[in-house]
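K.L.:
Each chain, letter by letter, is given below.
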Amino acid sequence: MSRLLADIGTVFRRELVTVRRTPGYVVLAVGLLIVLGGLAAVGGGGGTGFVPAVVDFLLPTEILVPLLAIVLGYRALLTDTTSGEFAVIRTYPVSTVDYVLGVLLARIAALVAIVGVPFALVGLYVWLTAAPDTGIFATHSGVDSPLLFVRFLAFVLLFGTAYLSLSAAVSALASSRRSAIALGLLALLVGVLGGDLAILRSLSGGASPSEISGLLALTPNGAFRGLVFEHVIGVAFAPDGGFVQTGRAVGSLVSWILAGIVVAVTTLTYAAGVDVVVERTQERLGEY
Amino acid sequence: MTLAVVVTAGAFVIDPAESVPDPVAYDDTTELGLSSETDAMMAGNATLPRIQVFYSQLQYVVGYNGIGSFVASLSDGRTERQFGYPLVAYVETFDHRDPDTTDGGLFTATGAGGWTPAEEAYYVVGSDARTPAGEAVIPFRNREVAESFSADHSGTVVDWESIRNRSFDVDSAATVRSLAPSRWQTANDRITEAERTADRPVSVVVGEDAPTIDAAVEAAPSNTTVVVPKGVYHETVTINKSVTIAGDDARISGDSNGSVVTVWAADVAIRGLRIDGVGNRTRDPEAARASRDEESEAWDANIQSGYGHGDAGIRAIAAPGLVVDDIMIETNASGLLLRDGSHAVVRDLRVDGSETWQNGFMGITGMESRVTVTDSRFEGGRDGIYLHRADGSVIRNSTFTDNRYGIHLMYTGDALVADNTARNELFAGITVMTRPSGNTIVGNDVRNSSAGIQSSGTRTYIAYNTLVGNELGFSTSARGSLYEHNVVVDNELGARATTIVPSSRVVANDFVGNDDHAAAGAGALRVWADGDRGNYWEGANVGPQPSSERAYRPTSPVDAALHGEIAAVAVRESPASVLLNHLRGTVPGARSGSIIDPVPASTPYHPERIDVVTSPDSEGAEPVHADWRAELSSLTDEQDTTHENTTNRNTARAVGDYK
Chain R
0 MSRLLADIGT VFRRELVTVR RTPGYVVLAV GLLIVLGGLA AVGGGGGTGF VPAVVDFLLP
60 TEILVPLLAI VLGYRALLTD TTSGEFAVIR TYPVSTVDYV LGVLLARIAA LVAIVGVPFA
120 LVGLYVWLTA APDTGIFATH SGVDSPLLFV RFLAFVLLFG TAYLSLSAAV SALASSRRSA
180 IALGLLALLV GVLGGDLAIL RSLSGGASPS EISGLLALTP NGAFRGLVFE HVIGVAFAPD
240 GGFVQTGRAV GSLVSWILAG IVVAVTTLTY AAGVDVVVER TQERLGEY
Chain L
0 MTLAVVVTAG AFVIDPAESV PDPVAYDDTT ELGLSSETDA MMAGNATLPR IQVFYSQLQY
60 VVGYNGIGSF VASLSDGRTE RQFGYPLVAY VETFDHRDPD TTDGGLFTAT GAGGWTPAEE
120 AYYVVGSDAR TPAGEAVIPF RNREVAESFS ADHSGTVVDW ESIRNRSFDV DSAATVRSLA
180 PSRWQTANDR ITEAERTADR PVSVVVGEDA PTIDAAVEAA PSNTTVVVPK GVYHETVTIN
240 KSVTIAGDDA RISGDSNGSV VTVWAADVAI RGLRIDGVGN RTRDPEAARA SRDEESEAWD
300 ANIQSGYGHG DAGIRAIAAP GLVVDDIMIE TNASGLLLRD GSHAVVRDLR VDGSETWQNG
360 FMGITGMESR VTVTDSRFEG GRDGIYLHRA DGSVIRNSTF TDNRYGIHLM YTGDALVADN
420 TARNELFAGI TVMTRPSGNT IVGNDVRNSS AGIQSSGTRT YIAYNTLVGN ELGFSTSARG
480 SLYEHNVVVD NELGARATTI VPSSRVVAND FVGNDDHAAA GAGALRVWAD GDRGNYWEGA
540 NVGPQPSSER AYRPTSPVDA ALHGEIAAVA VRESPASVLL NHLRGTVPGA RSGSIIDPVP
600 ASTPYHPERI DVVTSPDSEG AEPVHADWRA ELSSLTDEQD TTHENTTNRN TARAVGDYK
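Protein sequences, first through last, are from chains R and L. Counting along the first sequence from 1, when you hit position 193 you're at 192 in numbering that gives the first Met the number 0, and nothing is skipped either side. Counting along the second sequence from 1, when you hit position 557 you're at 556 in numbering that gives the first Met the number 0, and nothing is skipped either side.
If we strip away everything but chain L, and leave its shape as in the complex, we get (with noise of 0.2 Å):
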């Protein structure tokens, strides 16, 4: 008696805020704000401070890169209500670490000094130390330290109080998104001037002026044509100058060993040809072998030499400018292999790879090589496109077939990947490996492959695809990113929620016909609305209430038999089960392995292309493409002023890429 009316007075006692975590180690967070493998990141030896934050309703710890993410990320309401408030958080401090900068400006420093709780550090601000992202804060333990390197880098010395106060310009999902047409644009762009650096004066005639193909290019001056007539040449050619190869329907044929043209030169064009006779050596393993030993190379050398070495239908090597025009390759191991920065701008290029993708390669496999493809086909072998560092590249317009993965991004970011067509892949549709930041994948169609797409990274925007047939739809694994108007439909799993911690939103997708509109991993209960919008669920809006008043939760089983099962609608309204989602909303954070819906829409976001893709006629099964750029270009029209500076950066950094 006494006992209990002891420990009923100490519950009321003791506060359960008051009780503080320690810091844990940060790779067992999970983690929000900037990525850390961005090219930038990776290549360089720049430090991003990072701090880890223990929230009220959260059970998982959240790491953030970025002193700013987290400020940032607390002004937007949506952090609070998820995780509730913050009840402590630590930064990493720098004394003693050779706090410095890079050459290139970038805060750099020899690891970190330990764990400190933000209240009780000091930053420096201001200085001319910087991150990939913006403006760096950095945190000290003590003030005469911090007073230090502020002095050594003109910045200020400031506490948590003022920084917490400051507003931090990070970017966004949303940004990214407003820079989608734009990125299109830039590859018209890119496209214009491939035309005018292919269309060059005449010098040459294969067959009239040289023998082979290889002595007319030997032949030829800079900046001419070489024309190649109709026929079929027996040979390998190496291309070292910067000349245009015109065929007229003929095909050359390579020896099946090595490469079949080998590109050394800037802007060098090439069109009208059809290859065959590639080598079938796909990768380099001596050369991978080699280079792990020497410790100086760079941190991705493996990737490199070991994927960049193989043999292809054209092989260009630390060639920029190179133009890919109207090409047929027939190959067991790359169609076209960029390496060391042969930025390259690919029209109509058709790739027929192996049967199955173990014995082929990729279509087009570009190491550090930004590619812009439009209007290209690829079909078998390995995958259609593989990436590896190649920011700022442009897929559009584009077929997959047969292949393991359709378009598969390394370490790739600022793409565009739109308006192309997967079918039957074995692997996915489009992939995105690593944390790359700031991708746009819009208005593709995938389907009857394993999945649609699953992209990884930060800010990414996934939007206006449509995803038919497939395992699965599409999976939200990209962290801080935006997922609109897709349209899922007949999929065995429309979406999977993956982060353990909720950062993207989920909204305005049409979800139809899929056997389980969604599932979750582990982690906090996902909340896929924005506002007052929410998705389309199929069988949210069936029986007496009308769909937004009240809540979809896909993952309840009740909820996901609606669109199957309309028994199910009497289970729904059973005083159990309303009683169990009246307040479910509540403190989200701590709930888990579910998501919800709170305002489900009553009807499709885009009926037309539901429509199209479930018309039982031929007209189905072709490609589907949304009008993003329209519907984009109206949302753009419609922002504030406040976005014109992150437009005119933009725009600044595509002018400059002419340069």
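Chain R with its partners taken away, still in its complex shape (with noise of 0.2 Å):
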């Protein structure tokens, strides 16, 4: 079991440094920083409350962060293939499951900073601006509270790790890094539309509406709006919430963060062992 973890460390650690080493990484949360730094500032909910100031980032966020956790994760896997590093590191005693937990976390890493940060910035921005416009009448700060921010922070990070978990499976799967943007493009699409559009076709095409709540958690997006909906925004509106099932939402969140590990090291595998029969005949064909 350490042994695992040290490898996955090692890994985690090398990826680490290649984050670190694109410069474009901070660009892209400076980008993320004035984004919501605008919405809070021209949409005029971080005025008065965290509620409000959700739910103006709310639609933003359902694309921002998975267009970042795509950008982080597509060429994750493909770089070292390409390069023939994979193959380098294949021949330490480095697991392909090391290897790709160990490249997932560190990009896992580098999203909490990039995605995380900005939020957390103008979350603490809100926190210290926030206030009634007049002091003639006596406030009060309704259900709204700092809390509700750090649940809402929670779920944005939740749910750009399974856009980086799916990406990385774009990421193993793609042969080149063009083929690698078409793929992480085409995820994007899918997830922020594609659920919510087959949600749409099956109501209309005679589902019942009491299983929304249950399709709803099967997408990502639709989790993520779910639960911010329950555990955030709801929070004002009714005490009861009903608006996703919360359980079902987590699950599907973490299950599409394991699919993507599993695509991720069953391609690199079967890769591997395709490049190996192919080695292996050129080899043959070679002594012949």
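Treat the hints with care, as some may be off.
What the hints assert, rightly or not - Have a look at the derived ranges for each label pair, beta carbon to beta carbon:
1. L:Ala24 - R:Leu184: 51 to 61 Å
2. L:Met0 - R:Val261: 23 to 33 Å
3. R:Leu120 - L:Asn44: 56 to 66 Å
4. L:Pro615 - R:Leu123: 56 to 66 Å
5. R:Val277 - L:Gly542: 51 to 61 Å
6. R:Ala206 - L:Thr1: 40 to 50 Å
It is worth saying that the hints were derived from the structure and are not from the lab. Quick caveat: nothing in here was measured; it's all calculated off a predicted structure. Just so it is clear, CB atoms sit at the ideal spot from N, CA and C, and this is done for glycine as well.
Build the complex: two chains, separate frames, hints provided.
P.N.:
See below:
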């Protein structure tokens, strides 16, 4: 077990160095901060509290966080494969699982920094500045609380990790940078629009509305949106909730993460196997 | 790392809805519900049990006068949509505060005994104690005290759960709307009654039977007419019996000292006179100062004696049933001054006041005197009509020019202000101050003034007005009110949302050509629409989509520019703008300083009125009065029988007025 952790740790550290050497990621974080800061400033929700700020952020978050996660992940496993470094790594006693987990964890750490820090900073800004616009009357904060923003941040990171894991799978499947970009974009579109379109389709196809809360939880975006409504925004509407089945939504996000890992590991193992077969064939042919 | 995990876990374990704020001083709440400044409340020593509520989405603490107002608001879905659900409510309890009833049966107490969470208090219902609005619900902290009060006043003690499920008959602005046509009819009846009063046999003719008007009045028996033939009469007249003074192009010219005609008797009619030579004392500073020392005086003694004791063309003191018809007054003080229950019917009165308002006074000053004014004209001076505690007054078909305020109501409720025209008013065309209840302000046309209509109060119906070329069209200061079918054109600012906590409906108004259609002061987001019906905003329908597809926010810089600058459409269609607009209407109570119309209308509600006021020829300057009586009558016909009780009750009240 400790051997496994050590192996993962080694890959993790190596990957972290790679991430750190990519200055573009800092630009992404700054970009996200600008977008969120702009929303807080122009949207007006941040002026009064966390719940309206989250309402302003919800829709942009559903698009931007998957985008950033895919940018972070679409080449994560591809670069090493195409450069041949993965083949070299394979000569060390590091399993494909160790390798994939190590890379993914490093990228998750990067996600936490690139996505988490801008959100946290904006949250801090809201905390410091949100106030009623007149002090003549007695005011209170309603159900608004920084805790709600912490909840939101936790959902954002879980949501981002799901996409990161999926994009890692994409990077394992792709054979070139170009195909990785294409596959990544496809995953983004299917993820952001596809799931909800499928729900709309099934509803217009006669599915019972009572199934919505279950269906919604199946896609990453649906699960995320449902969780935010249930545990952040909805707290201000109704004490009893019911926007999504919480367990199912969290389970769904975790399943997407695991699915990404499984696909990545399988692909790399299988691809490596194919390589070996090809090389052996070449060798054999060479002999003759 | 560990800290992050703990904080995140903690964020899910702790329920933010469970932290309960402590009660605040009632004066610091934003008030909804019954008005505490109606005449009945101000004059008597009645106590309204109050409640303060903390809503989940609203940053302001809402205070309600009367428990019933709060409970009734719970069943109105709009409250939850706008403010969220109540986190906690505190009621004022009256243990050891001498709870009792006044002689009139109103609930009274010596202050309140602190705030108790609503679900912990005990409530006395069905007792003989009442509030000016109906049944009183009186909270107590201890069950024994509640039971003892209940035993003394034949009520029953119930808990909060039972109060919450009770239905309270709380009048709304829609009730007030349904009363508007009948108030117009009431005015007609009063005028008919006045004509009957004035029609008396001739007994004395001035110049033939008596040398002066004053002497003629002296000589005439009650219930007869004194005829004043053509000519100029230099005198002042005192009328202390019920007679009719009928002039025929006659002019009474006073000595520029004091009032010209003074009426001390009931049912006096004065018609066909021109009056000038009025003294220029507008107020009585001595009276105001003297009364301030006496504690036993009424709460408004200052205003009464200060404003009610100046000079006037016609001054009536405790003279109910006064009829003023076809009179022209030139004055630098008041035209007509009514005091102490001088209920008057005024038709075809013309008052020419001072050039600058600081030098003059009111066209009509009415103190505790219900007036019915029709077809009159007020130019210059301070206020065209100033009423203080004149519930049930009607002002209609009259014209106001170059005053400070055209019509100015203080502590005056249940009034009808209809089909008047105001031009060039320095402060405002129509203003209602203090917190009266149940006024209807309909069909008026105000232009070129600082403000069109500024009405505070509660349950006010402000509709079918045409407000053109003013600095401000109207403000929404009246709470729990209805603002509809107003045409607001070419003002610097069309409408201003003023109250902190939105409680009124603003719907089916047309906003055209204003520099800014609407602006909002501090407070929660105002949703200006009623269900699927919004307002018409010029500019909301430009661009590729029909306007009803998307919300319009007059307070957003982009939407506000749509009717002036077509390029704003391209900005509005930007993803950034679309993203921001998308969920805007969610958690309205927690948003601030803005207005949203989720369902703007694609065409104006009253294109004919807009066409007239925007037409470049002289026709455009003519007064425009919407046919609100026809529209409201058809509305009343459609109403179901649940409103019958209200209507009957008010018809009864109107009939009672005559007796």
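K.L.:
Checking against the hints above, which ones are violated?
P.N.:
none
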